[in-house]
Amino acid sequence: MISLVDVTKVFPGMDHPAVDGLSLDIAAGEFVVLVGPSGCGKTTTLKMINRIIEPSSGEIWVDGVAATETPAFELRRGIGYVIQQIGLFPHRTIAENIGTVPELLGWDRPRIAERIEDLVVRVGLDPAMLGRYPSELSGGQQQRVGVARALAADPPVLLLDEPFGAVDPIVRFQLQEEFLRLQEELSKTVVFVTHDIDEALRMGDRIAILNVGGILEQFDTPENILSGPASEFVADFIGGERGLKRLGLRTVGSVDLTRGPVVDVRSDVETARDAMAQYGTEWVALLDGDRLLGWVWGEDLDGQLTDLEPHSFWVELDPESTLRKALNAVVMTRSRVAVVVEDGIYRGMLGLETIAGEVDQ
Amino acid sequence: MTPTLAQAAAEVGIDWGWVFGHVDEMWERTVEHVTLTGVAVVVGFILAVALSLVAIRWRATYKPITWFTGVLYTIPSLGLFAFMVPFTGLTLLTAEIGLILYTLLILVRNIVAGIDGVPANVVEAARGMGYQSRELLWRIEVPLAMPVIIAGVRIATVTTIGLVTVTSLIGQGGYGVFIERGISRRFLTEILVGTVLSVSLAVLFDFLLVRVGRWVAPWTRKTAV
Numbered sequence: 039m040i041s042l043v044d045v046t047k048v049f050p051g052m053d054h055p056a057v058d059g060l061s062l063d064i065a066a067g068e069f070v071v072l073v074g075p076s077g078c079g080k081t082t083t084l085k086m087i088n089r090i091i092e093p094s095s096g097e098i099w100v101d102g103v104a105a106t107e108t109p110a111f112e113l114r115r116g117i118g119y120v121i122q123q124i125g126l127f128p129h130r131t132i133a134e135n136i137g138t139v140p141e142l143l144g145w146d147r148p149r150i151a152e153r154i155e156d157l158v159v160r161v162g163l164d165p166a167m168l169g170r171y172p173s174e175l176s177g178g179q180q181q182r183v184g185v186a187r188a189l190a191a192d193p194p195v196l197l198l199d200e201p202f203g204a205v206d207p208i209v210r211f212q213l214q215e216e217f218l219r220l221q222e223e224l225s226k227t228v229v230f231v232t233h234d235i236d237e238a239l240r241m242g243d244r245i246a247i248l249n250v251g252g253i254l255e256q257f258d259t260p261e262n263i264l265s266g267p268a269s270e271f272v273a274d275f276i277g278g279e280r281g282l283k284r285l286g287l288r289t290v291g292s293v294d295l296t297r298g299p300v301v302d303v304r305s306d307v308e309t310a311r312d313a314m315a316q317y318g319t320e321w322v323a324l325l326d327g328d329r330l331l332g333w334v335w336g337e338d339l340d341g342q343l344t345d346l347e348p349h350s351f352w353v354e355l356d357p358e359s360t361l362r363k364a365l366n367a368v369v370m371t372r373s374r375v376a377v378v379v380e381d382g383i384y385r386g387m388l389g390l391e392t393i394a395g396e397v398d399q
Numbered sequence: 002m003t004p005t006l007a008q009a010a011a012e013v014g015i016d017w018g019w020v021f022g023h024v025d026e027m028w029e030r031t032v033e034h035v036t037l038t039g040v041a042v043v044v045g046f047i048l049a050v051a052l053s054l055v056a057i058r059w060r061a062t063y064k065p066i067t068w069f070t071g072v073l074y075t076i077p078s079l080g081l082f083a084f085m086v087p088f089t090g091l092t093l094l095t096a097e098i099g100l101i102l103y104t105l106l107i108l109v110r111n112i113v114a115g116i117d118g119v120p121a122n123v124v125e126a127a128r129g130m131g132y133q134s135r136e137l138l139w140r141i142e143v144p145l146a147m148p149v150i151i152a153g154v155r156i157a158t159v160t161t162i163g164l165v166t167v168t169s170l171i172g173q174g175g176y177g178v179f180i181e182r183g184i185s186r187r188f189l190t191e192i193l194v195g196t197v198l199s200v201s202l203a204v205l206f207d208f209l210l211v212r213v214g215r216w217v218a219p220w221t222r223k224t225a226v
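The listed protein sequences derive, respectively, from chains X and U. Each residue of the first sequence is one higher than the one before, starting from 39 at the first, in the numbering used here. Each residue of the second sequence is one higher than the one before, starting from 2 at the first, in the numbering used here.
To be clear, the hints were calculated from the coordinates, so they are not data collected in a lab. Mixed in with the good hints there might be a few duds.
What the hints assert, rightly or not - If the Cβ cut is set under 8 Å, some of the chain X residues that face chain U in the computed set are:
(1) Asn88
(2) Trp99
(3) Thr106
(4) Thr108
(5) Phe111
(6) Pro128
(7) Val139
(8) Trp145
(9) Met167
(10) Arg240
Said to hold, decoys possible - Computed beta-carbon distance windows for the label pairs:
(11) Asp234(X) - Pro120(U): 19 to 29 Å
(12) Ser41(X) - Leu209(U): 52 to 62 Å
(13) Ala204(X) - Ile57(U): 27 to 37 Å
(14) Ser94(X) - Ile57(U): 25 to 35 Å
Beta carbons are placed, not taken as given, at the ideal position from N, Cα and C, and that holds for glycine.
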């Protein structure tokens, strides 16, 4: 979908190139993150794709067309663009901002209005905001408008330059989640710039790690980068806790869960003791049908299980939770397991061994 | 309030009889004054837009343009009119040329500053959306520069209203007629009438232009919740 072939950018008056002989191939529907320290040319690279910055040499292909062969304004109307400072038009309402590119493309009014209504809901904004001016919205809301505006003409390609860099961490996390959900629906070809490796690992299908001077150090999936950094620079850049970061990429649902020492609360004490013996634990978890009640110490087993007051597991995971969360659950519970519950139904549990095994692979 | 004002007026010797007897002439002079001002500001604005477009398109010309209009601005108005009379006579043209030249510096500076003041990220976003230079200028930059441009028009208008009092010297009417005649006759009431009317007109136009400014830039009326 997007190809950079030996692209170099030297800014006038600079000794060293900002981007040096960079080649990248990005497939349709792929989410690629460009990440690296200041001066690595990640933003320059992004801006060369929609010709906000013209490359000094090399070729850039977008959707089978040479970018430099297409008039810049035409090329840009087919590429969604979101920047960190958002750059909403202060003199236009939210609706007018979102409708910018459709209007430039000459869509008729009803079609633009329909598109705006659809988008505003998709990006999680209240339609009541459509008549307001950008200055009346919070930073997070403005960034949602920025994303809606970029999507308005349904371009196949989206370029995002540190889009969530200016909002606070909580809102940033929300926006990241929402954007990933949106991307799942829309399957755009996305090029996303950030300096935050954790954001890159969370968001990207593939990550291009750039070094100062626009040198490509590694271009691979988050999993492969974490398990096999191509250079010392990459290892340094992705930082410590690589194991934890890898766990952050995998979901509980991708792992084989064990049933664990679990018995129905209406069973007798002997059955509970058998389950404990089978798994070698000093505790047993109680179920009421499919519902997980909690766990009890083996030494407390006496009389009817229904008379016992089970301890809570504190953290219950669902199949979408990351293994990193599972590890947290393990260390948080005295039973040293993470339990997985989906829609109120007990699915199984996993312990430290299983989690550690996933990092070994 | 009124008695004290009347007393004060009596002390400086205001001749209310003269004032009420000249309401018709005041109206006539107002029309002249507004016309002289209006023509100067409108023509000045058109020229300033042209000069600003040149300055924005070819950046290198901005300094010479502001230097030149700045020099014009420093010429004393009386001197300028005196200098021009041999060429253009005691005519409306002489008056307007002078008045127009004085508006240029303020208007050009504000138009260019207004366009330059448009946030870089807004311009970048607009380019990224696929605006061509001309659309970008007229649909994004100019509307956003309007508050600063209107501020320039306000200053130019108020300055011109003050300056027009001088054009009576070349026989073009306006409130200056009262002031000039009052001075020659040593008649305080008439000087005061000319001055007060001129100041009032300036205040009125300033107020109206503030309203126009809000009307052309409705987004500035609202702020973040």
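Range first: 52 to 62 Å. Now tell me if the beta carbons of Ser41(X) and Leu209(U) are that far apart.
For Ser41(X) and Leu209(U) the Cβ distance comes to about 59 Å; the hint holds.
Please check whether Arg240(X) passes as an interface residue: C-beta within 8 Å of a C-beta belonging to chain U.
Status violated, d = 25 Å.
Could you check if Val139(X) really has its C-beta closer than 8 Å to a C-beta on chain U?
holds (5 Å)
Restraint check, 8 Å cut-off on beta carbons, for Met167(X) near chain U
Because about 11 Å separates Met167(X) from the closest Cβ in chain U, which is outside the 8 Å limit, the hint is violated.
Does Thr106(X) pass the interface check with chain U, least Cβ-Cβ distance below 8 Å?
For Thr106(X), the interface hint is violated, since the closest Cβ of chain U sits about 16 Å away, which is over 8 Å.
Hinted contact Trp99(X) with chain U - closest CB pair below 8 Å
violated (19 Å)
Can you let me know if the beta-carbon spacing of Ala204(X) and Ile57(U) is within 27 to 37 Å?
For Ala204(X) and Ile57(U) the Cβ distance comes to about 29 Å; the hint holds.
Agreement of hint Thr108(X) with chain U interface, Cβ distance less than 8 Å:
This interface hint is violated because 11 Å lies over the 8 Å limit.
Starting from the hint 19 to 29 Å, judge whether the C-beta atoms of Asp234(X) and Pro120(U) obey it.
Holds, at about 24 Å.
Status of the given 25 to 35 Å range, CB of Ile57(U) versus CB of Ser94(X):
holds (27 Å)
Interface hint outcome for Asn88(X) [beta carbon to chain U under 8 Å]:
holds (6 Å)
Does the nearest C-beta of chain U fall within a distance shorter than 8 Å of the C-beta of Pro128(X)?
holds (6 Å)
Comparing the model with each numbered hint stated earlier shows that hints 2, 3, 4, 8, 9 and 10 do not hold.
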